[in-house]
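Let the sequences and hints guide you as you build the complete structure.
Chain by chain, the residues:
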Amino acid sequence: MNNLAPLPVVVPLAAAAFILFMSTVLSRRAVQLLTASCVVGEIGLSGTLLYQARALNIVYWFGGWRPRAGVAFGVSFTIDQIGAGAAVLSGVVVGIALLTVPRTIRTPNGIVHAMLLTLLAAMAGFCLTGDLFNMFVFFELMAVCAFALAAYHNDSAASLRSALNFAITNSVGAFLVLIAIAMLYSRTGALNLAQIGTSLAGRHADRLVVVALALLLVGFLIKAAVMPFHFWLVDTVSSAPIPLVIVLAGALDVLGVYGVSRIYWSVFAGTLATDSAGVQTLLISLGAFSALIAAVLGLFFESPRRRLAFVMVAHTGIVLIGIGCLSAAGVAAASVYAAADGMVKIALFLGLLLLAGANAGRRAGLMVLGLGGLATAGLPVFATGLGKATIEDAAGHAGYAWAAVVVVVAAVFTGATVFDIASASRRAPPDAPEHQKKSAWVPLAIGGTFCLAASVALTSARRGFASAAARFVDTFDYQQRVLTGTAVHHANQTPVLALAPRGVAIDVAVVLAAIAVASLLPALRRVQPARGIARASNVAHRLHAGSIGDSATWVTVGTATIMAVLLAQFR
Amino acid sequence: MTILPYLVAVWLFVVGMYGIVTSRNLVHQIISLSVVQASTYVLLLAVGYRAGATAPVFADISTTRPVVDPVVQALSLTDVVVGATVTALLLAVAVQIHKRTGTLDPEALLGRTDS
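Protein chains in written order, with this note's numbering: chain A, 1 to 571; chain B, 1 to 115.
Keep in mind the hints are simulated off the structure, nothing from the lab. These numbers come from a predicted model, not from an experiment. Glycine included, every Cβ here is placed at the ideal spot set by N, Cα and C. A portion of the hints provided could be inaccurate.
Some residues of chain A that are not near chain B, with every Cβ distance over 10 Å (derived) [stated by the list, open to error]: (1) F62; (2) V172; (3) N359.
If you want a taste of the chain B side facing chain A, the calculated C-beta under 8 Å gives, among others [unchecked claim]: (4) R50; (5) I61; (6) S62; (7) T64; (8) V82; (9) Q96; (10) L104.
Structure, rendered in structure tokens:
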């Protein structure tokens with residue numbers, strides 16, 4: 001029994017309660033210090049778990065309710081390296097978001113810090129838990145904290161409306177997950193992921209199991225903001241406070257994809273093992289659809305934050321393509337890409353923030369955005385290049401060469417979008433200097449540099465990602481470790497994550513193409529667009545105006561389609 | 001065993017979603033979300049129901065009496081708490097929106113992207 005396991009959740013939660021309880025006594029400085037030290041503590045604890053889980057998954061039973069005779073009664077945290085790594089990433093992301101709180105939120109007080117800490121606790125819990133109902137609770141806790149933060153600037157109608165859109169869409173997603181939980185519980189009598197997976201394994205996946213899978217997929221993909229469930233994200237990123245946007249960009253949206261992969265391998269892999277091609281095609285198609293359409297839409301909008309929101313949606317699509325290959329290589333590639341890309345996206349938002357400030361800050365902001373553009377397009381120095389190239393390989397290997405082409409095209413457009421934002425803001429006159437102090441830009445620039453450096457440094461952890469992915473997809477090992485406590489010898493081969501010369505060539509070509517597209521864009525804007533394009537652009541703008549009803553309609557349509565496709569596959 | 005509770009759950013979900021999609025009033029829209037959530041309560045309780053069983057409290061009954069599944073009741077209770085939190089926060093946001101803009105019509109708020 002590893003007693004550290006629950007601490008990454010307990011520490012931030014306890015601190016959040018303490019800060020609220022003592023909010024009248026504690027000075028602002030004390031709140032900041034306490035919050036920062038808790039975030040560092042969470043990173044340290046999750047990092048320790050990451051190290052301890054290097055050979056075997058850590059299983060922690062709350063209250064000591066261990067399984068009897070291979071049947072789980074209690075609630076477990078089941079920690080593997082992918083989960084612990086995601087918890088570390090969450091901590092880093094919240095830490096950087098904390099850096100921007102004094103600069104972007106008026107009258108920061110204990111409430112914002114407490115909400116960020118609760119959000120961190122929920123994210124860590126979501127990554128570490130081994131229980132399906134626990135996943136729902138943490139999922140809902142993340143959503144509640146995030147939309148309370150989104151509504152924090154309550155003098156802006158846009159911000160309030162986007163918070164409503166966020167909350168309603170995500171709550172519907174959570175209810176879909178809960179319905180699926182009820183269905184799986186009615187079939188297996190279990191809530192532990194490993195226990196459900198074991199009960200389903202070897203049996204034919206009937207309609208109930210397939211519908212439950214469809215509902216879980218939709219629920220988590222709403223959180224991941226994969227098209228057509230992305231409307232809330234575009235709305236929120238455009239108008240929410242920057243700290244929340246940074247958490248969303250760095251980790252929160254991609255945790256939805258983590259949820260999909262976790263439930264697939266722990267619950268459904270056993271029962272769908274023989275014919276997983278249907279799920280594969282579905283996930284890769286959804287990812288490719290998101291990547292391509294969002295990457296194109298990013299070019300058509302004006303507001304930089306809105307454009308970066310489309311970059312986020314497109315890149316989550318690329319991660320989903322990697323996961324959708326349903327192979328260890330795909331998971332390894334997708335997790336490298338997700339971690340590195342999260343860091344890069346945070347750097348981009350910090351760059352935007354710098355551009356709004358004083359002159360020295362503007363120069364730093366342009367630098368961060370320029371380098372961030374190179375990383376977005378996937379220059380091989382950055383781990384995004386490694387991740388993108390290996391996702392292409394995994395897709396090709398799984399027989400979806402067209403998806404690899406989509407990844408390349410999407411990266412060209414998202415890179416071009418970032419370059420275009422940078423060059424447009426270079427031409428634009430600087431905003432009136434805000435009330436901020438002259439030196440206020442320095443921590444932001446350091447944060448941006450740190451993020452970019454982290455996305456370079458992640459390339460050196462490729463072996464770790466590969467072996468973690470091999471264990472992540474080993475369903476039998478996961479289940480045995482939870483239910484009997486024994487370790488099974490890994491049947492899966494560890495994939496090799498390496499940048500082949502062909503991958504380097506494609507990456508460099510993508511970067512060059514992105515620069516070329518970005519330099520053509522201003523000229524293209526001056527040309528009167530063809531009527532069809534103008535009309536399409538109008539429709540896109542209207543669709544993304546932030547209507548909650550539209551968002552809910554797309555959720556309904558998407559759910560029905562995904563359910564129909566899966567039911568047709570598994571008759 | 002009857003399928004009626006399951007039909008009720010489906011009906012509540014569909015009718016709630018219809019409310020969210022078509023609503024022209026934020027308070028109505030938020031209550032519609034609660035209706036969607038009500039479908040999960042019904043479904044959870046239906047899953048744990050056993051004919052002829054009693055409440056799972058063994059203080060004053062013999063341990064051999066059949067009882068309904070207590071796990072789903074715990075789940076529903078958590079679900080209710082989550083629902084109360086979400087509804088309270090959303091209604092607070094709706095009140096703020098009405099204060100700032102004087103309207104509760106979601107369509108009247110569209111396209112405002114400035115912060």
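Exercise. Are there hints from earlier that the structure breaks, and if so, what are their numbers?
Worked result: Per hint list: 2, 4, 5, 6, 7, 10 violated.
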